[in-house]
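Note that the protein sequences, when read in sequence, are chains E and Y. Sequence positions in the first sequence follow UniProt numbering and run 1 to 321. Sequence positions in the second sequence follow UniProt numbering and run 1 to 321.
Mixed in with the good hints, there may be bad ones.
[Unchecked claim] Just a few of them, taken from the derived set where beta-carbon distance is under 10 Å, the chain Y residues facing chain E:
no., residue
1, Gln90
2, Val110
3, Thr111
4, Leu200
5, Asp204
[What the hints assert, rightly or not] Straight-line Cα separation of at most 30 Å, DSSO-like style, residue types lysine-lysine; simulated pairs:
no., chain 1, residue 1, chain 2, residue 2
6, Y, Lys297, E, Lys55
7, Y, Lys130, Y, Lys75
8, E, Lys75, E, Lys130
9, E, Lys297, Y, Lys75
The set of hints was computed from the structure by calculation and includes no laboratory data. Here the structure is a predicted model, which is why all the values come from computation and not from measurement. Note that beta-carbon positions come from the ideal geometry of N, C-alpha and C, so glycine has one too.
Residues per chain are reported as follows:
Protein chains: 2
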Amino acid sequence: MAVYTQVSTEEMNAFLHRYDVGTLLSAKGIAEGVENSNYLIETTGGRFILTLYEKRVNVEDLPFFAALTDHLAAKGLNIPRMLRDRRGEQLQTLAGRPACLIEFLQGVSVTHPTPAQARAAGGALGDMHKALGDFRLGRGNSMGLIAWRNLAERCAPDLDTICSGLRSRVMGELDWLEANWPRHLPTAVIHADLFPDNVLMLGDEVSGVIDFYFACTDIRAWDVAVTHAAWCFENDGTGYHADLGRALIAGYDRQHGLSTEERLAFPILARGACLRFLLTRAYDWINTPADALVTRKDPIAFLRRLDFYAEADPETLVPAQ
Amino acid sequence: MAVYTQVSTEEMNAFLHRYDVGTLLSAKGIAEGVENSNYLIETTGGRFILTLYEKRVNVEDLPFFAALTDHLAAKGLNIPRMLRDRRGEQLQTLAGRPACLIEFLQGVSVTHPTPAQARAAGGALGDMHKALGDFRLGRGNSMGLIAWRNLAERCAPDLDTICSGLRSRVMGELDWLEANWPRHLPTAVIHADLFPDNVLMLGDEVSGVIDFYFACTDIRAWDVAVTHAAWCFENDGTGYHADLGRALIAGYDRQHGLSTEERLAFPILARGACLRFLLTRAYDWINTPADALVTRKDPIAFLRRLDFYAEADPETLVPAQ
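Work out the full structure, taking the sequences as your base and the hints as a guide.
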């Protein structure tokens, strides 16, 4: 959420010269996305996002993300593509970092979605799942079930400093999820991080879906569960909004839909989604100084959601349409 | 250089509703300026910078900055104005902070200026000084000569940790400047911080001058000396570029000009400019953790410039035109 790598105007001019985008008119470092450096750039040819990839993104994954966004954009979805330079290359090096130039899309991210906006977000997720039906590449989920045990063990010694009793709660939940995780649901490439931050909206319409850097191959309905957990609660994890949940699922069903098995497994998948964000937030919490400029996100906000899903009835949560 | 105060889309919509600027299309937090939070905003009515003032800016000074930028813009200079809302107000409160909406100007800041660009920057400074001839408000310089002693004493115990011998060097220079500072040169409202960062350029033309938050009443030629120290060296303070210095002064002379007294005093004024930035950088260096996301600027880069000016001959540095 900061600009880690400074790019001078002179370097930026030389970089843009590789592309057919005209000359530079404006460039502002923006605080956006996962731990990358981003600039919002205007040239005589339009507006673009210049992204420099920092440590958290694995360079070897970049061709997968490029192919994925190309695939979705080619199907007409509002997904920003990585531009090709005059030689056809999407991936570059700038200021010693892997870098690319990405289409700019208008739209703003909502903090308190309305049911109409949740329905649109569910619809956009369904559109993506439908469009990915014939996408043939794949990528392992570095934040999926098999990663949680390792992450939990690295956090375990400090979990009780976040909240008394958190360690035994996390370890018990992990045991339960490993024993009960659905093994036969359809898998596909999924976004895996469709928080409101990553959905650009104009009014009640989705104008863009961004930040595919957690996209991976995993249970497709898990993507719906992640989105449900991300959109339907207060930020602090209290106050499930049933109207948002119904709207989100209705929007998704209209474009793609859930099978009976997926509906029945939905609370388990959602508990897994909550544990995933609880663990990564706990890891960051433990490893980020309290006075750092990066805002630490509270892991407990996902423990509260987890508690909700542990009690939830699938028939009420995701009723058959 | 970060976004300290997060503003939700919902808050931003409500804020923009006070103005006649249409509806929100895009908003990106940008890493820019002194310690304020800034968003680059696009609406159906155009593009704007939304600024929220954090601790370092004194709220009571904001009407002065608003009047100053209005005065310069009214004279046709490329200075971004604070917009007035439907009720005529320029200063607002947003997310608990003083805030305003500012015109967006195209242009990029250069890192390695060419002589043509230095000439344009000198010309823009001269334009400002000419345009401020009939500006009647004033503001004390909180970073001027009388502030340096206090700042130096707060830094003194730690100066030698930055560079061995720095403490006695700074204290000796301060004594010398207090004894030799010119007392009878014309004063006026000046920018006082015209680094390349604060000058937007399109090619060799100045398209905007920004960041007036150090503007104050002080010796007018000191503003030229600050700009000279900021533009005519390598970033680390080595390698004075005589061609840039000549171009900058020639650009200034064409619009405003320096008197004989100002020319003769120029090296002293420039030493003062170097001590000012040396001291504020030293203060930040001492008070910023080395691993903070904010990049610490090296105070020694201004000790090197100071050494240069201490040896400089005014006739060579700023020859009469």
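Verification of the hints:
1. Gln90: 22 Å, violated
2. Val110: 5 Å, holds
3. Thr111: Holds: closest Cβ of chain E sits about 4 Å from Y/Thr111, inside 10 Å.
4. Leu200: 8 Å, holds
5. Asp204: 13 Å, violated
6. Y/Lys297 <-> E/Lys55: 24 Å, holds
7. Y/Lys130 <-> Y/Lys75: 10 Å, holds
8. E/Lys75 <-> E/Lys130: Answer holds: E/Lys75 to E/Lys130 is near 10 Å, not above 30 Å.
9. E/Lys297 <-> Y/Lys75: 48 Å, violated
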